[in-house]
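Trainee: Single-letter residue listing:
There are 2 protein chains.
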Amino acid sequence: MSPTKEEISAWFRNLQLHICAELEAEDGKAKFVEDNWERPGGGGGHTRVIQHGNVFEKGGVNFSAVHGELSENMVKALGISSKEFFATGVSIVIHPINPFVPIIHMNVRYFELSDGTYWFGGGIDLTPHYVQEVDAKFFHSQLKNTCDKFDAAYFPKFKNWADDYFYIPHRKETRGVGGIFFDRLKEEGSKSKVEIWNFVQAVGETFAPTYRQIVSRNKNQEYSEANLQWRNLRRGRYVEFNLVYDKGTKFGLETDGRVESILMSLPENASWFYNFVPEPTGAEAQTLAHLVKGTDWISI
Amino acid sequence: MSPTKEEISAWFRNLQLHICAELEAEDGKAKFVEDNWERPGGGGGHTRVIQHGNVFEKGGVNFSAVHGELSENMVKALGISSKEFFATGVSIVIHPINPFVPIIHMNVRYFELSDGTYWFGGGIDLTPHYVQEVDAKFFHSQLKNTCDKFDAAYFPKFKNWADDYFYIPHRKETRGVGGIFFDRLKEEGSKSKVEIWNFVQAVGETFAPTYRQIVSRNKNQEYSEANLQWRNLRRGRYVEFNLVYDKGTKFGLETDGRVESILMSLPENASWFYNFVPEPTGAEAQTLAHLVKGTDWISI
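Top line first, the protein sequences correspond to chains A and B. Using our numbering, read the first sequence as starting at 42 and increasing by one per residue. Using our numbering, read the second sequence as starting at 42 and increasing by one per residue.
Keep in mind the hints are simulated off the structure, nothing from the lab. A virtual CB, placed ideally from N, CA and C, is assigned to each residue, including glycine. A couple of the hints might just be wrong.
[As the list claims (entries may be wrong)] Keeping only pairs whose Cα atoms sit at most 16 Å apart, straight-line, the calculated EDC-like set for lysine to aspartate or glutamate is:
{"hint": "1", "chain 1": "B", "residue 1": "K185", "chain 2": "B", "residue 2": "D204"}
{"hint": "2", "chain 1": "B", "residue 1": "K213", "chain 2": "A", "residue 2": "E301"}
{"hint": "3", "chain 1": "A", "residue 1": "K213", "chain 2": "B", "residue 2": "D297"}
{"hint": "4", "chain 1": "B", "residue 1": "K46", "chain 2": "B", "residue 2": "D156"}
{"hint": "5", "chain 1": "A", "residue 1": "K213", "chain 2": "B", "residue 2": "D337"}
{"hint": "6", "chain 1": "B", "residue 1": "K334", "chain 2": "B", "residue 2": "D205"}
{"hint": "7", "chain 1": "A", "residue 1": "K70", "chain 2": "A", "residue 2": "E98"}
{"hint": "8", "chain 1": "A", "residue 1": "K334", "chain 2": "A", "residue 2": "E174"}
{"hint": "9", "chain 1": "A", "residue 1": "K232", "chain 2": "A", "residue 2": "D189"}
{"hint": "10", "chain 1": "A", "residue 1": "K213", "chain 2": "B", "residue 2": "E295"}
{"hint": "11", "chain 1": "A", "residue 1": "K72", "chain 2": "A", "residue 2": "E98"}
{"hint": "12", "chain 1": "B", "residue 1": "K213", "chain 2": "A", "residue 2": "E295"}
{"hint": "13", "chain 1": "B", "residue 1": "K213", "chain 2": "A", "residue 2": "D297"}
{"hint": "14", "chain 1": "A", "residue 1": "K185", "chain 2": "A", "residue 2": "E246"}
[Claimed, not checked] FRET-style restraints, in silico, Cβ to Cβ:
{"hint": "15", "chain 1": "B", "residue 1": "K117", "chain 2": "A", "residue 2": "E295", "range": "20 to 28 Å"}
{"hint": "16", "chain 1": "A", "residue 1": "T296", "chain 2": "B", "residue 2": "P321", "range": "28 to 36 Å"}
{"hint": "17", "chain 1": "B", "residue 1": "E266", "chain 2": "A", "residue 2": "K291", "range": "33 to 41 Å"}
Next up, chain A with everything else stripped away, as it sits in the complex (with noise of 0.2 Å):
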C-alpha cells in the first residue's frame, strides 16, 4: 500500500530518533538535546544536537514537518502547478573531533503537493579530513549494496550525481570522497511510490551502522597539533559549500527557516589560512589528489 504523508514523517521521526541513539552509543559520553520549533505558515521540527561528546564534536540530527503555500517564486523555480505543499525529511550533519574521523552528511526527504503531485529525495556523502581508501571503499560498498537491492543502475547513477552535487567550483575539488545523491524520485514504468518509499527507507537505515563502522575503526587514532589545523581548514573549505552551494541550506535562509537549525551544519570552528600549500608527498597532499570526480572507490 502506498504510504501516506502521515506515515512517511512518522517514519522519518523514527529514524531520528533511532539514529541519534546509535551515535550516542558510539560517543560514550555526549547527549543529543532536542529544541523543537514551530514553522509560522504550518508545520515544525525537532532539531537534535549534540556537542562536546568523546567523539563528536558537534553534529545535528533534525526532523522536520512542514506544510503550506509555497511563494510564487518558489512555484516557478520548482516548475510546479499547486501552491499548498507538505514537506518532510531528516537531515544529519557531523563534525568528529578526531581529523581521523570523516564528517558526514545524510537527507532524506520526501515532497507533495496538493494536487498529488509527489517526489522523494536524498543522499549521504563522507568528508574525510584525510581521505583513507578503506574507509571509502567500505562506504561505497555500503551504498551501492542498499542500491542494488533495488535497482542496478541506481548505484551508478547517483554516485554521479553526488560527484557533481558535493563539488566545489571555485576550489575544484569534490567535497570528500562522495556517496549517492538523488532527487525527483517517484513512480515510474514498474515501479511503484511504495517500492521508492522502501529504497529511501533503505538508504536512511544505512546510515548508522556504515558510519559507525568508520567511526570505531579511526576515533582511537593519535594526532597532532598540525592533524587539528588541517582538519580546522577541511572544515572551512565544508563551510564554503555550505554557504555558498548547498541548495538545503539556501532553500532555507532565502524562505526564512530556523537559522540555528539550518546553520547546525557548521563545524564549531574552522579555519583558512591564506593559500596553504601542503607538503608534496604529505598525507594532505595525498587527500587533495583524491578529491577529484569519478573515482571508482569500490574497485580501488
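Once you've looked at the hints, dock chain B against the given chain A.
Mentor: Here is chain B on its own, set in the frame of chain A:
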C-alpha cells in the same frame, strides 16, 4: 583634467603600498608578503597579506587592474552595452587578534567600458566584535568629514546605503556598525569626473589614519578566553556575510577569479556555537542590540 584609467590604477597601487606601510607601523612586527598574479583574460594584481603580527592575525590589502571581455551574462546583469571592460581597485579586510580591536573593510574601485562609460564605487565599514560607542562615533565622524568636503548629501546617502548593504538578512543583524557604501558614481550636473575621483581618493586616504587611531586605542586592552570565543563567533557571522551575500566575493567566485585573493577576506579561524545566547546584561548582548540599521552614531 580627467584622470585616465592608467593614472587611476597607478594611484590605487600607490594607496595599497601606503596603507600596507601604515598597518605594518601599527603592528610593529609582521610585514606584508606580496603575491603577484596574472589574469588569463587580461591584467592581474598584487595581493598583499599580513599574518601573525602583534596586532593583526590575518589581513589582506589587494590591488588589481584587470581588463578583457565580459561574459554575456555579466553584460546583461550590469545593464551595459559594451563588452570590453577595464576594472581597477583596492580591497582590504583586516582581522585583528585582540577582540576589542574591530575588523575593518574598505574597497575603492573604478570600472570603465570601451564605449567610454565609467563609474566609481567603494565603501568602508567597521565590524567590532564588541561595539564601543566611542569608536563607532569617531569612525562615522571621520567618514562624514571626508564626504562633507565634496557634497553634503553624500554622507547621509552613503551611510544608509552601507546600512542596507552590510546586512545579514538571515540573522536580522547588521554586520557591524556600518560606514559608507556607494556605487555607479560618475559625473553628473555640475560635478565632473575629476571631482568624483578626488572624492574616491579622499575616501581611500581616510582609511589609514582612522583605523590606526581605533586600533591604537584598543590594541593593549586585556581580554579573556570568553572574549576570544565571542570574537570567533562574530568572525563566523563575517564568514556568513562574505560567502552568502558579498557581491565582490560572488562576482570573483563566479568569474573564476584567484580564489586565495578573493577569500583572503576570511579570518584565520571562526566559530559556530549552536544557538548561542549571551548573558542578557553582558557586553555581548549589548553588542547585539547595537547591530541594527539606522543608528546615528555621530549624535549618540
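Trainee: For every hint, state whether the structure bears it out.
Mentor: Verification of the supplied hints:
1. As the CA atoms of B:K185 and B:D204 are separated by approximately 15 Å, the hinted pair is consistent with the 16 Å bound.
2. Under the criterion of a C-alpha separation no larger than 16 Å, the hint pairing B:K213 with A:E301 is consistent with the structure, at around 13 Å.
3. Our distance criterion of 16 Å between C-alpha atoms is met by A:K213 and B:D297, whose separation comes to about 10 Å.
4. With a C-alpha separation of about 14 Å, the suggested pairing of B:K46 with B:D156 holds against the 16 Å cut-off.
5. Restraint check: the Cα-Cα separation between A:K213 and B:D337 comes to about 44 Å, which exceeds 16 Å; the hinted pair is violated.
6. Between B:K334 and B:D205 the CA atoms are separated by roughly 7 Å; this keeps the pair inside 16 Å, and the hint holds.
7. Restraint check for A:K70 and A:E98: satisfied, since their Cα atoms lie roughly 11 Å apart, inside the 16 Å limit.
8. Under the criterion of a C-alpha separation no larger than 16 Å, the hint pairing A:K334 with A:E174 is consistent with the structure, at around 15 Å.
9. A C-alpha spacing of about 14 Å is found between A:K232 and A:D189, which places the hinted pair at or below 16 Å, so the restraint holds.
10. Between A:K213 and B:E295, the direct Cα distance comes to roughly 13 Å. Compliance with the 16 Å bound is thereby established for this hinted pair.
11. Restraint check for A:K72 and A:E98: satisfied, since their Cα atoms lie roughly 12 Å apart, inside the 16 Å limit.
12. Among the hinted pairs, B:K213 with A:E295 is consistent with the structure: their alpha-carbon atoms are about 13 Å apart, no more than 16 Å.
13. Of the pairs offered as hints, the one joining B:K213 and A:D297 holds, with about 10 Å between alpha carbons and a cut-off of 16 Å not exceeded.
14. Our distance criterion of 16 Å between C-alpha atoms is met by A:K185 and A:E246, whose separation comes to about 13 Å.
15. The hinted range of 20 to 28 Å is satisfied by B:K117 and A:E295, whose Cβ atoms lie roughly 22 Å apart.
16. Evaluation of the 28 to 36 Å hint for A:T296 and B:P321 yields a pass: the beta carbon distance comes to about 30 Å.
17. Checked against the hint of 33 to 41 Å, the pair B:E266 and A:K291 passes, with Cβ atoms roughly 34 Å apart.
Checked against the numbered hints listed earlier, the structure breaks hint 5 alone; every other hint is satisfied.
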